[in-house]
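Based on the provided sequences and hints, a complete structural model is requested.
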Amino acid sequence: MNDARSEILKAIGKVSANPTAIAAQAQRLRAGACRPDRVNGPADAVFIERLRSPGVAATAERVATMQDFPDAVRRYLAAQQLTPALALQPHPDLQALDWSGISTHEHIATDEPVAVGLALGGIAETGSLVFHSSPVSPTLFCFLPLHHIVAVRASQIWPWLEDYADAFAGCAQPRNVNLITGASGTTDIEGTLVRGAHGPGWLHAVLIGNAE
Amino acid sequence: MPKCAGLEQNVTLEIRPAENSLPHVALFATCLVNAMRPAVGFAALALLEQAGCRVDVPQGQTCCGQPALNSGDAEGTRQIARRNIEMLEPFDHVVVPSGSCAATIRLHYPELLAHDPAWAARARNLAARTHELLSYLADIRGWLPEGISLEASATYHDSCSGLRELGLKAQPRKLLAAVNDLTLRKLEGEETCCGFGGTFCVKYPAISNAIVDEKAVAVEASGAALLLGGDLGCLLNMAGKLHRRGAAVRAFHAAEILAGMGDAPAIGETP
Amino acid sequence: MNHAPDFDSRVAAALANPTLKVAIERTTGTARTKRAAAMAAWPEFPAARALGRDIKDHVIENLAHYLVAFEKNADAAGTKVHWARTGEEACQIVVDICRKAGAKSVTRAKSMLGEEIGLPHALEAAGLERVETDLAEHIIQLAGDPPSHIVWPALHKTREQVAELFRAHHRDPGAMATVEAMVASARRQLREKFMAADVGISGANFLVADTGAVCTVTNEGNAELTTTPPRIHIVTAGIEKLVPSTAHAMAMLRLLVRSATGAELTQYTTFHNGPKRAQDRDGPDEFHIVLVDAGRTRMLNEGLAEMLRCIRCGACLNHCVVYRQIGGHAYGATYPGPMGSVLTPMLDGLEQAQDLPRACTLNGQCQEVCPVAIPLPTLLRGWREKSWQRGFEPARVRWALALWRFTAMRPRLYEFAGNIGLRIMPLFAHGGWISRMPLAGGWTAHRDMPSPSGGTFLAQYRRRFKK
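Residue numbers (this note's numbering), protein chains in the order written: chain Y, 1 to 212; chain H, 1 to 271; chain L, 1 to 467.
Keep in mind that the hints were calculated from the coordinates and are not lab data.
Accuracy of the hints is not assured; some may be wrong.
With beta-carbon atoms standing in for the labels, derived distance ranges [claimed, not checked]: (1) L:50 - Y:21: 17 to 23 Å; (2) Y:28 - L:465: 56 to 62 Å; (3) L:102 - Y:13: 39 to 45 Å; (4) Y:111 - H:186: 48 to 54 Å; (5) L:301 - Y:136: 56 to 62 Å; (6) L:127 - Y:67: 27 to 33 Å; (7) H:186 - Y:55: 37 to 43 Å; (8) H:114 - L:161: 32 to 38 Å; (9) L:78 - Y:107: 21 to 27 Å; (10) L:368 - Y:23: 55 to 61 Å; (11) L:349 - H:186: 41 to 47 Å; (12) H:169 - L:301: 35 to 41 Å.
Since the structure is predicted, the reported quantities are computational estimates derived from the model, not experimental observations.
The beta carbon of each residue, even a glycine, is placed where N, CA and C say it ideally should be.
See the structure below:
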């Protein structure tokens, strides 16, 4: 195995320039003006617009405070005629809320009908929700449910993909970063888009508060 | 290259009486035009003269070398390239009524001879002086047809080499738009290859056939009476397929139409 | 023609299959339309493409630096990094990890590198239950087919054929009247498999050097369901997959997704970085990355470095007139289409793959749509040149070209020979057209040839101008 490593590095042959020069060159190769014109307003407004765009096809709404989130969930469950029972992401900010009238559990089942989560933030350019895995943000909460209802703070919307990347550059990275852009889909049969392939079939985002 | 095509036209007209100051142009007819469609050569000749050129047809010309180039015979192509470079050295410009042959000289000769100290500069020099006919007329001479009319509907296929290697797209349309009574109809998939590909069409005839069949369907669906293009190889391929399918579409090189030869027999028609 | 045996017969079979043509057009047609719409909304694409090219070239130029940096950062995150010179070596490493863990079942998220190195076969040969989780890979696993496209491996199957397969193989297929019903059936079928697997295997769309993370993109969510529940996650990745940082990965993602499907971002873009952390409720106990060479350093050193830019978006396939007629299987290789015709001679040997670079019209549309500006026609010409030098071009073609070159160097002879031809051809003509002529079967089998008349242009010119 060590043989393989040294042989591959030897076959590449070229001795690289000094790391500082390489880093400087990489820094010059960052996207700027060539990005598509996608962020032309306040990040949180653009974010909602992108979420609702046909390409992302999620549903989205805005409530004033975190305390209003359970009501948004109740409204969603009622509109979708879903049983008021759901897997609640084990995040203290969610657990502190008043979930009366809904039966919540912490363990996510393989065929979980509904899960409620809290995203770390969002990206306006693409309408993506950002999750960092952690003890309070298990990865499977984003992938196992059929309906995924996600709270995201309006103050945590990065304008561009790079703005998100820069916010965590040089920091310790989580085990998993999930950028989630709409519900699960597939075009594998004749190019026809069908939602709910393996991940959630419905994604509902609830923006909390305003950017200020 | 002129900064402004319109100005260039005026300059050309003004200097026209001075025989010596007219650009001395070699018409490189290409082997397909030479053998299969001499009318394209005569059309090119007429157009170049109208555009204020002193035109010669070097009698030693044969082929640009594409069959060897596309078969991977680099050394064979170099031999032919050197011969053509020598033959075409005395001329101000070399004009070719084919995008793919012009691209062979403009792009591939310099590549092939880049490491040959005796020939690299000469190859680059020829490349810089060589032009595809329609772009030469439109961009370099700033010429437009005058007093030509043809009451017909036509559709235009962008041959791949001209389009992607030389940027030939607006020029033929601009020139054809100046032909009175000619209506241009859009060809669905006008930038999609017709399946000719030089030796490809005889090396892989079944694939080539499947491709040109789709092209023929698109040409027929355009509803145009004429199919025009700038590369005879592609035109022979498409016209041959259209004829096999029993379609009534008539095919011409765009130069023939611009030279007022649109009432002459089309490709495959007898006088 | 004396081609290597199988290509012509595979092409003939593909062209004789009308269902295949319909299936190819349904998916590639949609992909072309959606890509065109995405590009129309991105006027800055040419600059973004130049940047994508430069990022990849920068990494390739400093490949050893980035590989070592990636290894160091991955190691710090608790990832075990392995190196494999060949596909066999990579498969062996994967199988050994599975054996050591006493694994019985393996879920796999689509990876073209996995296909390239023969990993599906190696897993089965090792007695492991292999469950393909990408919907298309699931379909072709049931059908026993190889993939026919690098983004849509099952695009050769129509909905009717998929319904038939699912009816035969699924536990609870239901009515299968719609594509939605088929997708729902696959969801039911694979649900328990995700949770029960011992090992999950994925590929990598990008390896991020400054974090040691592996980026995967999917629309279905199957990659995360493959890599999160099992005890072990193994990544196999080509050494060319590196990008300097997460920000650079973002610039590449814009290009990749729009070029592949016309979307702006895949539904699931995930950066995987090491095994389960303390207190994590899910995630694998072990996280392995196998860095695979399998010919890539040879490409670097043998004039194919530009091909290492490839991000496997499939746009060149969707826009290739040849691929669109013959489909993926006719290429007889893991990677079909233009990018495949460049890669396969390197991976499988030029003699065996000699037809692929030749069976191309060099129309250049592949290069035009490539998001990292790979000069595919130039690279294909390079293979043709090697093929010529090594004598693979059929003898008949060599002789014909030699004879043609000999005359092309001698204008009088050229004209003499031409005139003979021009006198003979009209003998076969009817009403201006030739529909059959000896030595012209390649042309006249499918189309007519106009009959020449009146001699060559040069001769007519001399007559007219008395020169």
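Does the hinted range 37 to 43 Å hold for residue 186 of chain H and residue 55 of chain Y at CB? 28 Å, violated
For the hint 41 to 47 Å, verify it against the beta carbon of residue 349 of chain L and that of residue 186 of chain H. 45 Å, holds
Range hint compliance [Cβ, residue 78 of chain L to residue 107 of chain Y, 21 to 27 Å]: About 25 Å separates the Cβ atoms of residue 78 of chain L and residue 107 of chain Y, which means 21 to 27 Å holds.
Should the hint that residue 368 of chain L and residue 23 of chain Y are 55 to 61 Å apart at their CB atoms be regarded as holding? Violated, at about 33 Å.
Is it true that the C-beta distance of residue 50 of chain L to residue 21 of chain Y lies inside 17 to 23 Å, as the hint says? 21 Å, holds
CB of residue 28 of chain Y to CB of residue 465 of chain L, is that within 56 to 62 Å? About 60 Å separates the Cβ atoms of residue 28 of chain Y and residue 465 of chain L, which means 56 to 62 Å holds.
Could you tell me whether the CB distance from residue 102 of chain L to residue 13 of chain Y stays inside 39 to 45 Å? Roughly 41 Å apart at Cβ, these two residues keep to the hinted range, so it holds.
With 27 to 33 Å as the target window, see if residue 127 of chain L and residue 67 of chain Y comply at their CB atoms. 56 Å, violated
Does the beta carbon distance between residue 169 of chain H and residue 301 of chain L stay inside 35 to 41 Å, or does it fall outside? 38 Å, holds
Note whether the CB distance of residue 301 of chain L and residue 136 of chain Y lies within 56 to 62 Å or breaks it. 49 Å, violated
Is it true that residue 114 of chain H and residue 161 of chain L lie within 32 to 38 Å of each other by Cβ? 51 Å, violated
Is it true that the C-beta distance of residue 111 of chain Y to residue 186 of chain H lies inside 48 to 54 Å, as the hint says? 52 Å, holds
The structure does not agree with the numbered hints 5, 6, 7, 8, 10 stated previously, though it agrees with the rest.
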